[in-house]
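Student: One-letter residues, chain by chain:
4 protein chains.
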Amino acid sequence: MNFEHSEKSRAYVAKVRDFMQQKVLPQEASIMRENHAQNGHGNWQQWQLNPTVQALKAQAKAEGLWNLFLPDSEWGQGLSCVDYAPVAEAMGQSLLAPEIFNCNAPDTGNMEVLYHFGSDAQKSQWLTPLLNGDIRSVFGMTEPDVASSDATNMQVTITPEGDELVINGTKWWTTGLGHPNAKIAIVMGLSVPDADKHNRHSMVLVPLDTPGLTIKRMLTAYGDYDAPYGHGEMHFDNVRVPAANLIMGLGKGFAIAQGRLGPGRVHHCMRAIGAAERALSLMIQRGSTRVAFGQPIIKLGGNMERVAEARMLIDQARLLTLCAAWKIDNVGVKHAMTDISAIKVVVPNMLQQVVDMAIQMHGGAGMCGDLPLAGFAAMARSLRLADGPDEVHKAMVSRLELAKYKPAREAQSSSLAKES
Amino acid sequence: MNFEHSEKSRAYVAKVRDFMQQKVLPQEASIMRENHAQNGHGNWQQWQLNPTVQALKAQAKAEGLWNLFLPDSEWGQGLSCVDYAPVAEAMGQSLLAPEIFNCNAPDTGNMEVLYHFGSDAQKSQWLTPLLNGDIRSVFGMTEPDVASSDATNMQVTITPEGDELVINGTKWWTTGLGHPNAKIAIVMGLSVPDADKHNRHSMVLVPLDTPGLTIKRMLTAYGDYDAPYGHGEMHFDNVRVPAANLIMGLGKGFAIAQGRLGPGRVHHCMRAIGAAERALSLMIQRGSTRVAFGQPIIKLGGNMERVAEARMLIDQARLLTLCAAWKIDNVGVKHAMTDISAIKVVVPNMLQQVVDMAIQMHGGAGMCGDLPLAGFAAMARSLRLADGPDEVHKAMVSRLELAKYKPAREAQSSSLAKES
Amino acid sequence: MNFEHSEKSRAYVAKVRDFMQQKVLPQEASIMRENHAQNGHGNWQQWQLNPTVQALKAQAKAEGLWNLFLPDSEWGQGLSCVDYAPVAEAMGQSLLAPEIFNCNAPDTGNMEVLYHFGSDAQKSQWLTPLLNGDIRSVFGMTEPDVASSDATNMQVTITPEGDELVINGTKWWTTGLGHPNAKIAIVMGLSVPDADKHNRHSMVLVPLDTPGLTIKRMLTAYGDYDAPYGHGEMHFDNVRVPAANLIMGLGKGFAIAQGRLGPGRVHHCMRAIGAAERALSLMIQRGSTRVAFGQPIIKLGGNMERVAEARMLIDQARLLTLCAAWKIDNVGVKHAMTDISAIKVVVPNMLQQVVDMAIQMHGGAGMCGDLPLAGFAAMARSLRLADGPDEVHKAMVSRLELAKYKPAREAQSSSLAKES
Amino acid sequence: MNFEHSEKSRAYVAKVRDFMQQKVLPQEASIMRENHAQNGHGNWQQWQLNPTVQALKAQAKAEGLWNLFLPDSEWGQGLSCVDYAPVAEAMGQSLLAPEIFNCNAPDTGNMEVLYHFGSDAQKSQWLTPLLNGDIRSVFGMTEPDVASSDATNMQVTITPEGDELVINGTKWWTTGLGHPNAKIAIVMGLSVPDADKHNRHSMVLVPLDTPGLTIKRMLTAYGDYDAPYGHGEMHFDNVRVPAANLIMGLGKGFAIAQGRLGPGRVHHCMRAIGAAERALSLMIQRGSTRVAFGQPIIKLGGNMERVAEARMLIDQARLLTLCAAWKIDNVGVKHAMTDISAIKVVVPNMLQQVVDMAIQMHGGAGMCGDLPLAGFAAMARSLRLADGPDEVHKAMVSRLELAKYKPAREAQSSSLAKES
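Residue numbers (the working numbering), protein chains in the order written: chain A, 1 to 420; chain B, 1001 to 1420; chain C, 2001 to 2420; chain D, 3001 to 3420.
Fair warning: there could be bad hints in the mix.
When the alpha-carbon atoms are kept at most 27 Å apart in a straight line, the in silico DSS-like pairs for lysine-lysine are as follows [to be verified]:
(1) D:K3197 - C:K2299
(2) C:K2057 - B:K1406
(3) C:K2404 - B:K1015
(4) D:K3299 - B:K1299
(5) C:K2299 - B:K1404
It should be emphasised that the hints constitute simulated quantities derived from the structure, not laboratory data.
Pulled out of the complex, with its shape left as it was, chain A reads as follows (with noise of 0.2 Å):
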């Protein structure tokens, strides 16, 4: 047992960390200003890219801070998910940050669909350009007219037509699809339809700009676009691609899925992890230099407590995540599935805990865009939902649970359970 991480994990979180406290951080408040000045309304066609992230993403390039994600050694930097999930964390510091190092959702989750099973062909034509930052891809999954936490609901339609695959119905809260360079789309559908109830589905590559799918409007996450990347809702009226489109083959949606949970639900909770971390130095900050009824309002009340809650909500999160992405590594996702599920509940739930706390010690400061936490609060409320909502994820890690009865429900219990 050890609970240090590798030295390269240790460098590149070393490298990661002071990028963000010398370059990000300090202009994390007038990006945010601008951004919002400029990008602050519903009319995503207007949204305009910041120059100062494009600068901060230059850098992070030519410093090798790129790609971290990837456990490929050549794209990215071989790092493992369990090194990669400390870094991850320093990221999530800001949510200006992954953008700047090309490690954000859904990208990244997109890249390793792609990595992992896409042909040649279409590594070619979007991985490339994905990993190189140049654009940038969205995943439509949730859908509006069913309860999407039962994946299996999916309506919308994949059909094979000859040598093109016909695409027809509505995705809605897609993550990034307002942004400048959103490109591609990774779509899953219904396409074999008799098919047993996880090989129905298919995943195909929909570039943006094809006739028939028009992007109806961005939501508002908790009153936020979220701009510029936004969460789309796109209707898809008999959008025609080529077979060579299709990722694997039909019916292998599901099969796929799986492959793409693990580690993004690593990075998604290290991240939140980071984002927990930030809130509760905010809240330290503010607690010890505000005064009132005479003293630093950290020392009133509760507050103490709660700052001593919120490291041991973050600390027990941050080693379950870190035990998920090492189990990842060593004996695969399959055998981490309580783990992987366990985090995705825990995380977000944490994260929604500290902040709220974080807020409360802020005041009104803490409610409006000048610092992250308003930010931070729906980043966390969404999380609870997006990927599956806590209750499927209680529910897997549940079932797994008692399914260790199985077998030998009576070998395993006492002499004292039997008999009462």
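For this one, chain A is given, so just place chains B, C and D on it according to the hints.
Tutor: Quick look at chains B, C and D alone, frame taken from chain A:
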């Protein structure tokens, strides 16, 4: 003991519920969409009133559903605090309603201040148009540079100079400041620095077009501007108003504030309870109609338990608030301090919990502007800070609790306690 | 709406509080010590009555503080449910009190059953001595071999044979079974197996000395036997009683149980609220007099906030219970089902929380028998299971909540909800 | 980073689990029944050892499953703190286990004190028989008359007089004091009143048969005497021991206590985790086999979610504890202060929650002595007070957290924070 509302109260509840059901709720979604398309940006100077809301307001006025918050039977309808409470709950179903019935904060509180403490001239100049719904008002209390949870920290100065008062400093989170009809601010500030702590501050009427008063910006509250109301930051740079604009007298700020608070908190809380009922109702309807894993999602996992939790939280919070209202009417604000602070903590936290559950049942739909839930969530979160954060009110409740033991601690303690 | 108790109610509260303060609380510690020295073991046959308690009981009876739970004005004092509620709270301060005032469970419930549903012969034989406090009774409901949360699971059989009823099976958690004066059991069991689910069970009077009835043992509840009351396990082996011992009729068990439950739950809950007030009072007194790190411990960390939390939890729970009591009196048990189930969940959980905080403030003293806190903790925990676990009552509340939407779900939903 | 235990550790876990499964658990119910029949009363002088436990102890010793807590490889088996941790978890399944493996508190802590700080004479007189399991020991720390959460409050005096030490005062909650084999106490008290706060107290060895030392009574912890161990109150009335009984030196009490605490807390916590796993296991087995309303009760309401909650709470608490253990081994107690205080808060609270859920699933059976759950509940509740209440440890965690900001608060804060 009698848990039934008076006949008069029930009659107004029925009328307001009917108005809500027939006229407001069916148009709520379209009004909010229009409003967001029109005003969903930070350039508050361009915010416009929604014509449908204005028409509904005229209708409500015509039907006598107007100024119901005011116990006065000429200007209002002579409803006591406990009589008005369930009427406020009925309005709380929609964020649009309070303005329609001329019962919106902070105008109600400001009207009460003028009603109870204003001079005749102040009343005719400002109270009359407010009661008529012709203009709107704001209340300048919170400041960015100090912990406003301790109101004695306040730094804005209101200095008498000859027959004028000179105002300097900054206020923020001034709600309603962006509204096109906002004309007048009641501002609280330091004016008798040498007096004892609670006799130093004054309240003064400041027309928003007074030279030296600048509205610097609107703040987002959880990503949303709450247009066309807005929460603003205003700067006072040697703003001069006639001494006649002083309310009650120099140093009377805290005395006025105390009188203003009791009923206002009941109103806020009852509206929040109405919002919680709406959230629960939406949660049940969504959960009963969406299907996942072969069942309506309300039957899955702990969802039914959450319905019960919500019902129990709401019912308790409502009774606590009604009891506070009844005490205000029957024994006075001074003898209802525990109750008034308790509801200020209990109700917004209850709303935050209930709305969180309702959002979770809705998935993505719960987070976006298509439903009132995200708005309710922001309202709940803001109420936990506005007008004193949770912590200040808990401190009040516990201080009053300990005070019960001061005179005769021994007499009250049992022999058991003594021996321990 | 009126939150003041009736004059009559206040008069009895004053008398009971005075009796508690003057006579019960000063002797509580010594009585509990004596009782534990005498009865603190599992050999229940040797348990003895405490002479001081018996003397106090005689005094209470002499002063007319007797059978106050019974609305009947001849046998009791004609207090309605809501009138009696604060009297029960006053008794709840000490675990010793209910017996002293002849208002202890399960005798109160049993007396109500006999009062409402007993034959004249049953009344004269059993109700009279119970009302006189000469004997005690038990109620046989819970069974060890089935989930008793679903009462239709019940396996004890009550079979008519000629003019006798034959009883077989096992009951446990039969409270009061170890009491030296316990003479009679009301037992519920299956007797019309072919009837529909809620008409299969009967209630029958079984004297505890009937041949074939064996008391197997007393159970500890959280380590404590609750002597001299006890929670027992009793076995019925072809126990025969005359058919005249049947209450109301064959298959009427559930009908009787329904009628029995409402007021009984209010009584339990009000006593629990009294216990919570006592716990809070002890917590404040302890916290104000013990010093650590240079301050009274109540000033440390989040302790003051916990005082406020306790006050807010208690006040809400009390109002909910009083409202349920008022509804029982004014609209009947059938229209108060949500309220009666809600208090059954809310109040014991509230007590568990408040007592937990009080114990924490006391350190080790809080856990041992020198103070009533550990007893209150066991009471709270038991109440969360007794008479239906939390889960069953939450299910009831949520089912009733959903039922509101059955007839006209569409009519009630707003346009917003429809569009989502 | 590596989340796998060492081979040696896994080997001992396997052996202990096997021993538990084969020998302890099958006899647990009957041992507890016998023990309760024999010792279930307050006359501790009559408590007797259970012969089955003694036989199991001999077996464990024979198999080398003995003193595993001690890192020493001669006396113990050379297991580091993190190696021993999962072994302690395996023992935690049953309250009977620690004694059987000679790994029970407070003997383990006392043995560590003697091992690290005892003189040769002290070791041969007391450590050897303790390591052999021939005698037992107690630790006198908590006092009834002061808030012992602030250890500097301690009032027992240990005064040097010639070549003797004279001890006066009262200790209570002295665990193990009722055990028939208890022979020796380590007592902490004030002996250098003029020294600075943390150099005033000494630790001294006091044989329990020393004249002047009276065991006044055993206390119930949540109604239970925990026989044959017991929690006692002992009085020191001019108790005299040779100066050679002093451990380390006058005023070294706090220094010794610090060294004693780290591993001891890990042991307590890991056992608590084992108890939580057992509780979860019983909960699942009960819930899967009992039927209500036509389904296994585990499928009803929120029960499956509670299984997931328990799994997530346990896994997080375990990782936090293992990390603390690893830090103790690798960076030392002084650099693991946050971790050691954090587990002291997190783990007992987790156990309290998990056991509460398990009891609720069992109904009445969960509260009585037929199952280990009520015992686990009392253990959890006691652990939240023993060795520093939650509040003291939260204060430590938050103080250390704030200390991170002392030297360079500005350097660490982002520009955003500064501007707010």
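Student: For each hint, tell me whether it holds in the structure or not.
Tutor: Hint-by-hint comparison with the structure:
{"no.": "1", "hint": "D:K3197 - C:K2299", "verdict": "holds, 22 Å"}
{"no.": "2", "hint": "C:K2057 - B:K1406", "verdict": "violated, 33 Å"}
{"no.": "3", "hint": "C:K2404 - B:K1015", "verdict": "holds, 21 Å"}
{"no.": "4", "hint": "D:K3299 - B:K1299", "verdict": "holds, 11 Å"}
{"no.": "5", "hint": "C:K2299 - B:K1404", "verdict": "holds, 16 Å"}
Hint 2 from the earlier list is the only one contradicted by this structure; the remaining hints agree with it.
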